[in-house]
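Protein chains: 2
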Amino acid sequence: MEIVKYNGPITGEQIAERLDLARATIRPDLAILTMAGFLDARPRVGYFYSGKKIAQSMADGMVDMKVGDFQSIPVVVNENMSVYDAICQMFLEDVGTLFVVDDHHCLAGVLSRKDLLRSSIGGVDMDKIPVNVIMTRMPNITHCSKHDSLLQVAKKMIDNQIDALPVTEQGEKGLEVIGRITKTNITGAFVALGEEYDL
Amino acid sequence: MEIVKYNGPITGEQIAERLDLARATIRPDLAILTMAGFLDARPRVGYFYSGKKIAQSMADGMVDMKVGDFQSIPVVVNENMSVYDAICQMFLEDVGTLFVVDDHHCLAGVLSRKDLLRSSIGGVDMDKIPVNVIMTRMPNITHCSKHDSLLQVAKKMIDNQIDALPVTEQGEKGLEVIGRITKTNITGAFVALGEEYDL
Numbered sequence: 001m002e003i004v005k006y007n008g009p010i011t012g013e014q015i016a017e018r019l020d021l022a023r024a025t026i027r028p029d030l031a032i033l034t035m036a037g038f039l040d041a042r043p044r045v046g047y048f049y050s051g052k053k054i055a056q057s058m059a060d061g062m063v064d065m066k067v068g069d070f071q072s073i074p075v076v077v078n079e080n081m082s083v084y085d086a087i088c089q090m091f092l093e094d095v096g097t098l099f100v101v102d103d104h105h106c107l108a109g110v111l112s113r114k115d116l117l118r119s120s121i122g123g124v125d126m127d128k129i130p131v132n133v134i135m136t137r138m139p140n141i142t143h144c145s146k147h148d149s150l151l152q153v154a155k156k157m158i159d160n161q162i163d164a165l166p167v168t169e170q171g172e173k174g175l176e177v178i179g180r181i182t183k184t185n186i187t188g189a190f191v192a193l194g195e196e197y198d199l
Numbered sequence: 001m002e003i004v005k006y007n008g009p010i011t012g013e014q015i016a017e018r019l020d021l022a023r024a025t026i027r028p029d030l031a032i033l034t035m036a037g038f039l040d041a042r043p044r045v046g047y048f049y050s051g052k053k054i055a056q057s058m059a060d061g062m063v064d065m066k067v068g069d070f071q072s073i074p075v076v077v078n079e080n081m082s083v084y085d086a087i088c089q090m091f092l093e094d095v096g097t098l099f100v101v102d103d104h105h106c107l108a109g110v111l112s113r114k115d116l117l118r119s120s121i122g123g124v125d126m127d128k129i130p131v132n133v134i135m136t137r138m139p140n141i142t143h144c145s146k147h148d149s150l151l152q153v154a155k156k157m158i159d160n161q162i163d164a165l166p167v168t169e170q171g172e173k174g175l176e177v178i179g180r181i182t183k184t185n186i187t188g189a190f191v192a193l194g195e196e197y198d199l
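Taken in order, these protein sequences are the chains called A and B.
Counting in the UniProt record's numbering, the first sequence runs from 1 upward without gaps.
Counting in the UniProt record's numbering, the second sequence runs from 1 upward without gaps.
Note that these hints are calculated values from the structure, not bench results.
Be careful, since some hints might not be right.
Pairs of lysine-lysine residues, derived as DSS-like cross-links and limited to a Cα-Cα distance of at most 30 Å, are as follows [claimed, not checked]: (1) B:K114 to A:K155; (2) B:K156 to A:K146; (3) A:K156 to B:K155; (4) A:K66 to B:K66; (5) B:K66 to B:K5; (6) B:K156 to A:K114; (7) B:K155 to A:K66; (8) B:K155 to B:K66; (9) A:K146 to B:K155; (10) B:K128 to A:K114; (11) A:K156 to B:K146; (12) A:K155 to B:K146; (13) B:K66 to A:K156; (14) A:K156 to B:K114; (15) B:K114 to A:K146; (16) A:K114 to A:K155; (17) A:K155 to B:K155; (18) B:K146 to A:K114; (19) A:K156 to A:K173; (20) A:K66 to B:K156; (21) B:K156 to B:K173; (22) A:K155 to B:K156.
With the hints as constraints, model all of the structure from the sequences given.
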């Protein structure tokens, strides 16, 4: 299959030559691969790689999914923003999680819809209290890199019951937020995987 | 492979007999399937199905994922519950979505954390306003059956930007809520698929 994939169209004779085998020896193998749909054969032209994926390649496809290919744009707010303004920002941007940054634009905390809902019924003065009072703060924040495996990040989300992770890059003064990965992105990846295989 | 899967251990002779072919004819095929690891062979015993999955079966595995295998327990509240009590219920049960039912316990609406956050800053009297004033109401609710394909439901969630769907069953007086399917469940299914294939 490798030979056909990278050299097709290629005749049975040529494949046999490359493998240092007789044409007759590889005939049954080629017949099976063609019948199974992994190879296409055309008379007087040769064998083509059909592109039909086999097991390992669907698994490979899943392993190859990287955070960077599925992440969304992060929505960040300064740690001195009021809780009320943060709620408005959340509705304006229509996201479920805000990332909180310090004056150097580095990750300081995370605010979920749940955090904001809790404080909205908690009797605090939402106009005065800044978000850094109610946010989950560093270093208690799970973050990831755009090069991380999406599957590993999905496992972290399930194991640690997290809805969204900041995608970060180490900057001079701390972690810079360059993306956002959520259960919506993972659901999208699940759908994309199904669509890639015409399910 | 089907023959070996359902009849193994079975000898090459017996497989040939079932296929109405000579033993020599199927020898190369059996050799390839054994070398590829799909079948195991033991001298004087015969061929076994190794359980190694091939392409189509990972895709089949994804198609076979049903809502009923991944759904969570639904949290329902009566449509006359106050918004404040519903928020408390949401925290108590630690869910992101509540399903609202009428006095016959049939689906009347859906309440998301977003709906509740909106009303909490909207200046309404949360102790007095019942949830049926702020909920998304039937028939504008996407619901599903436990027999539905998880992949199709995941597509609906992405296409319609829904975080959670009620899993329902037609009852005498309306739709009864028997489950809840969320992006967390889909993320869990994504992780489960990876784990099934040792990724």
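Regarding the pair K155 (chain A) and K156 (chain B), is the alpha-carbon distance no greater than 30 Å? 23 Å, holds
Starting from K66 (chain A), check that the Cα of K156 (chain B) is at most 30 Å away, please. Distance of about 23 Å is within 30 Å: holds.
Starting from K156 (chain A), check that the Cα of K173 (chain A) is at most 30 Å away, please. Holds. K156 (chain A) to K173 (chain A) sits at ~26 Å (cutoff 30 Å).
Taking 30 Å as the top limit, are the C-alpha atoms of K146 (chain B) and K114 (chain A) close enough? Cα-Cα ~28 Å, so holds.
Given hint K114 (chain A) paired with K156 (chain B) - CA-CA distance at most 30 Å: With a Cα-Cα distance of about 24 Å, the restraint between K156 (chain B) and K114 (chain A) holds, given a limit of 30 Å.
Is K66 (chain B) within 30 Å of K5 (chain B), Cα to Cα? 24 Å, holds
Taking only the CA atoms, is the gap from K156 (chain A) to K155 (chain B) under or equal to 30 Å? The hint holds at about 23 Å.
Against the 30 Å threshold, does the CA-CA distance of K155 (chain A) and K155 (chain B) hold or violate the hint? Roughly 21 Å between the alpha carbons, so the hint for K155 (chain A) and K155 (chain B) holds.
Compare the distance between the alpha carbons of K155 (chain A) and K146 (chain B) with 30 Å, and conclude whether the hinted pair is satisfied. Distance of about 24 Å is within 30 Å: holds.
Assess, step by step, whether the Cα of K114 (chain B) is no farther than 30 Å from the Cα of K146 (chain A), and give holds or violated. 28 Å, holds
Given the hinted pair K66 (chain A) and K66 (chain B), is their Cα-Cα distance within 30 Å? Since the Cα atoms of K66 (chain A) and K66 (chain B) sit roughly 26 Å apart, the hinted pair holds (cutoff 30 Å).
Is it true that the CA of K128 (chain B) sits at most 30 Å from the CA of K114 (chain A)? Answer holds: K128 (chain B) to K114 (chain A) is near 22 Å, not above 30 Å.
In summary, this structure violates none of the numbered hints.
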